[in-house]
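> Can you make the complete structure from the sequences, with help from the hints?
In the working numbering, the protein residues as written are -1 to 289.
Derived from the structure by calculation, the hints contain no laboratory data. Among the clues, some could well be false.
No more than 25 Å apart at the CA atoms, straight line, and that leaves these computed lysine to aspartate or glutamate pairs for DMTMM-like [as the list claims (entries may be wrong)]:
#1 79 / 89
#2 164 / 177
#3 114 / 2
#4 261 / 2
#5 261 / 214
#6 164 / 83
#7 86 / 177
#8 79 / 177
#9 114 / 214
The following label-pair restraints were derived from C-beta to C-beta distances [what the hints assert, rightly or not]:
#10 86 / 130: 48 to 54 Å
#11 134 / 218: 22 to 28 Å
#12 262 / 114: 18 to 24 Å
Bear in mind the structure is a predicted one, so any value in this text is a computation, not a measurement. Glycine included, C-beta positions come from ideal geometry on N, C-alpha and C.
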Amino acid sequence: MLAEFLQFLFSGITVGATYALAALGFTLIYNASNVINFAQGEFIMLGGMLAVFFAQMGLPMPVVLLLAIAIPAVVGVVMEKVAIEPIKGAETVSLIIVTIGASLVIRGLIQVWLGKGTHSLPAFSGDAPLQILGATLLPQSLWVLGVTAVVVVGLWYFFNRTLTGKAMLATSFNRTAAELVGINTSWVLFMSFAMAAGLGALGGILITPITMTSYDVGIMLGLKGFVAVVVGGLGNGLGAVVGGLLVGVLEAMGAGYISSAYKDAMPFVLILLVLFFMPRGLFGGKSTDRV
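Here it is in structure tokens:
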């Protein structure tokens, strides 16, 4: 019984770490611009698909990782410049529709370029599972958890100890005041989209050896990342991480103890419960009014 529980827990935490990276991407962009970017899931897909493409070309893994993170980051910046900046200040619904449109474009281009097939990457450090109290843990899961932990610590350091990070925080609190003290808020927005896209791509690369990837995986991954960020509290970085892990664990437990048929429904049940009892999420994200 304990082994079964641990197996579900390991599985949930692994996929939950990917949701956490997606949720952090949502949070970065929301804090900088009040935009909820529903193309975030496509950056996860892009990371995995590009990593597969470059690996099949025979490039060394460090180069594969670099390209598979850098290219989505550039796509994120282009998306901000082409799709978001021209309608800056528009209604929230309009901005959401634009990000959904951008996700459709990205997905369609990848479908045409790389096809509809399902792809996988070799695990970073072998496939021999680790035995822990009767449950098995894949080495790749440790990569997912370890890299996510490093990213979380790195982001904390970036926002609390660097001038650039503080400029981004200042923009998130009050854009007009930030501009008055000389912060280039347009550049902050570029950085936010690039970092969010890079985080999503990183999650996609890490999870692909476990779950495989295809051109359409971004839809559900993005939605679950959004559930995670709402559960944790929109705009709250810690909440995004906790929300991601919570969604992943709940999903795995639901699939294991109830039925795998309801696996994808679990996060949406969670979001309804949280919004009903705690409308601002577990960590009470920042409240903003658009004027």
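> Could you run down the list of hints and mark each one as holding or not?
Each hint tested on the structure:
| no. | hint | result |
| --- | --- | --- |
| 1 | 79 / 89 | holds, 18 Å |
| 2 | 164 / 177 | holds, 13 Å |
| 3 | 114 / 2 | violated, 34 Å |
| 4 | 261 / 2 | holds, 17 Å |
| 5 | 261 / 214 | holds, 18 Å |
| 6 | 164 / 83 | holds, 22 Å |
| 7 | 86 / 177 | holds, 16 Å |
| 8 | 79 / 177 | holds, 19 Å |
| 9 | 114 / 214 | holds, 8 Å |
| 10 | 86 / 130: 48 to 54 Å | holds, 50 Å |
| 11 | 134 / 218: 22 to 28 Å | holds, 25 Å |
| 12 | 262 / 114: 18 to 24 Å | holds, 20 Å |
This entry does not satisfy hint 3, going by the numbered hints stated previously; all others are met.
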